Structures are given as C-alpha cells and as structure tokens.
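Enquirer: If you want the building blocks of each chain, they are given just below.
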Amino acid sequence: MKCKKCVSKLSLYIDDKLPESEKILLEKHLKSCKECFKEYFLLKNVRTSLISLNKQKAGDKFESIIMQKIENNLYAPSHYSTLFQTFKVSLFAAAFLFGVIATFNFFTPSPKNNYDKYDKIAAIDNYVLKGTSASDKITSSLI
Amino acid sequence: MFSDIQLIKLTKDGHLNAFESIITKYKDKVFNIAFSFTSNYSESDDIAQNVFLKVYSNLDSFEEKSAFSTWLYRITVNECYNGLKKRKKNTISLETEVAGKEDISLKDVLADPKADLEKNSLSVETQNIIRKALQELPEKYRMIVTLRDIEDISYEEIAQIMKISDAKVKVWLFRARNKLKEIIKV
Ligand SMILES: [Zn+2]
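For the record, the sequence lines run as chains A and B. So for the first sequence, the numbering used here puts the first residue at 1; every next one is plus one. So for the second sequence, the numbering used here puts the first residue at 1001; every next one is plus one.
Check each hint, because a few of them may be wrong.
To be verified - Straight-line alpha carbon distances no greater than 27 angstroms define the calculated DSSO-like cross-link-like pairs of lysine-lysine that follow: (1) LYS17/A <-> LYS5/A; (2) LYS1085/B <-> LYS69/A; (3) LYS1170/B <-> LYS4/A; (4) LYS1029/B <-> LYS1163/B; (5) LYS69/A <-> LYS1025/B; (6) LYS1054/B <-> LYS1163/B; (7) LYS34/A <-> LYS17/A; (8) LYS1054/B <-> LYS61/A; (9) LYS1065/B <-> LYS1029/B; (10) LYS57/A <-> LYS1132/B; (11) LYS1140/B <-> LYS5/A.
To be verified - Restraint-style ranges between C-beta atoms, simulated for each label pair: (12) LYS1085/B <-> ALA102/A: 45 to 55 angstroms; (13) SER1042/B <-> ILE51/A: 20 to 30 angstroms; (14) PHE1002/B <-> ILE24/A: 40 to 50 angstroms; (15) GLN68/A <-> SER1042/B: 13 to 23 angstroms.
The set of hints was computed from the structure by calculation and includes no laboratory data. Predicted model, so just to flag it, every value in this text is computed and none were measured. For each residue, glycine too, the CB sits at the ideal point set by N, CA and C.
Please work from the sequences and hints to get the whole structure.
Expert: Quick look at the structure:
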C-alpha cells in the first residue's frame, strides 16, 4: 500500500469501516511507515479528543419552558390546525348560507304586505284566523 | 418505560406529559449537538427549544419509516443551520463562549504522554482549543464530526439525518477530521 492510499483510508480505519483485506494491508503499512503512523496517531487523537469533550446539558427548567409555550397555545400540532382549518371552512360556509337566505328574505315581500293580491274574503279569513288564535291563547291561559 | 412511538401516540391523543417525557429523554443530546455546532449557550438553548416546538407542531408529518431520533436529529441539524443564517444576518456578531488561548496548540497536548485522552480528562484549556477549532470548520464538516465523533451516531443514521449518500458521509468525515487535525496542529 502506498502512503497516499493509506492516509485516505485512515478515517475509515479508525471507525473500523474497512474490509478485512484492506485493514490487514493498512496495518502492515502503518507498522513500516513512520509518517503514516504519525498521521494515524494525530487523526485518532482528534477523534478521541472530540469524544472526550464534556457533554453540555440543557437547563433544569427546559421542559417546563417548552410545556408552558405549548400550553399557552403558541404552538399547535398540525392535526389541530387541520381541525381549525375545517372549522374555519364550515364557519365560512355557514356565514355564506346565512347571507344568501337573508338577502333572499330581504328582497322577497313579506306575506303581510301581500293582502292586495288576495281577494277581500281571503283577507277577512286571515283576520278571523288571527283573531281565533289570539282568543285561543287567552282561553288556554285562563285554563 | 414507553417507547418513543408510544409516547408520540400518547402525545397525539392529547397527553402532554408524554411529550414532556420525550423532551426529558432527548433534551441533553439536542442541546449538546447545538452547542458543539455553535459553542454558544444561549444560542444552543434557543435552537433546542425551537427543535422541540417544531417536533410538537409537526408530529403528524413524522412517518414511522425511520427512528424518531433520526427525525429529531434531522430537525436539530436544520435548526442549527437556521440559527447560523440568523447569526449571519445580524450585523452584531455573537461571540462564542469558548475562550481559548490562540497561542496554545493541541499538538503540545497530544504529544504529552500524560494527556490521558481515553479517560475523558481533557483540561478546560484543551477543550477550548478543540471547540475553537470546530468553529473554524465549514458548517457541513462541523456538523458531521459533531454527529459522528461527539454524538457517536452511525454512518447510516448520519446519511439519513443529513440527507446525504453513504459515500458522502465517508468523504465528508475524512475531510472534516483532516481539516480539524490541520487547524489544531498549527
Ligand atoms: Zn506511509
């Protein structure tokens, strides 16, 4: 194995990612080449130093800060937002329907003002019927 | 003990304490990745908080094809990069909290037979030198050594987290470690 090839394999070697046959060749070269061994030594120590770095920890109140933010509803799960979206669509549909009905009612003359279309007898019938219902109400309230 | 998948299902069903358990389980790992990347406590805290808030609000998009941790670390990597963009945008640059003396080289430490690296006994000074060197690496190299050497994540998982091929993982790691070695040697 040549030095250039050896150096290019060192990173995989320290992670034990080389096929057995290449590993044997590389180790053979390292035993006989001081330069490559020095490279290996430095690279291995870089990795060991990184592994040995003190682990930094999140604060003790980390969970409570996040849970507080979630509970304050600053962050809603996407399925909640889908639900909210559906609710918004239904609300809009309902408002639109209400608007259509209201407009239709506004332009449609009410039956009260429609007496001129009826003949007089019908108008009297209507009056009598109203009266009846009113008297019924009085009677029922007396009972 | 609940599995990650069980905790996620419970969270989706509205049990917030299940999500709190997820945070407790992973907060230090996420924080440590952020700190290795930024070398800044308050920035790492912001990143870690954003990670868990994003995880919570995107739980529905988590497909159980990969491990939860892979998905979580993927979000962590993205948040680290986003934090960096924000940092670059700010005209006032944030100073890293690593105060290493520039005239001290790790070469001396590595050459010292008393420096027992295997037993996790790096002096504060040496740690600062390494963290400073990490900051000099291009971001993708800094991230890959963070995941592999600091967090001990496998090549396969790194490929998924960083969304790169297995071959690229090998190449980037080779370049990152060599660059780091050169920075430290100077
Ligand atoms: Zn050689």
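Enquirer: Please go over all the hints and tell whether each is borne out by the structure.
Expert: The hints, checked one at a time:
1. LYS17/A <-> LYS5/A: With a Cα-Cα distance of about 15 angstroms, the restraint between LYS17/A and LYS5/A holds, given a limit of 27 angstroms.
2. LYS1085/B <-> LYS69/A: Holds. LYS1085/B to LYS69/A sits at ~24 angstroms (cutoff 27 angstroms).
3. LYS1170/B <-> LYS4/A: holds, 17 angstroms
4. LYS1029/B <-> LYS1163/B: holds, 20 angstroms
5. LYS69/A <-> LYS1025/B: Holds - the C-alpha atoms of LYS1025/B and LYS69/A are around 19 angstroms apart, at most 27 angstroms.
6. LYS1054/B <-> LYS1163/B: Between LYS1054/B and LYS1163/B the Cα gap is close to 19 angstroms, so the pair holds against 27 angstroms.
7. LYS34/A <-> LYS17/A: holds, 23 angstroms
8. LYS1054/B <-> LYS61/A: holds, 19 angstroms
9. LYS1065/B <-> LYS1029/B: Roughly 22 angstroms separates the two Cα atoms, so the pair holds.
10. LYS57/A <-> LYS1132/B: Distance of about 19 angstroms is within 27 angstroms: holds.
11. LYS1140/B <-> LYS5/A: Distance of about 24 angstroms is within 27 angstroms: holds.
12. LYS1085/B <-> ALA102/A: 45 to 55 angstroms: For LYS1085/B and ALA102/A the Cβ distance comes to about 51 angstroms; the hint holds.
13. SER1042/B <-> ILE51/A: 20 to 30 angstroms: Check passed, 26 angstroms falls within 20 to 30 angstroms.
14. PHE1002/B <-> ILE24/A: 40 to 50 angstroms: holds, 46 angstroms
15. GLN68/A <-> SER1042/B: 13 to 23 angstroms: Since GLN68/A and SER1042/B have Cβ atoms about 18 angstroms apart, the given range 13 to 23 angstroms holds.
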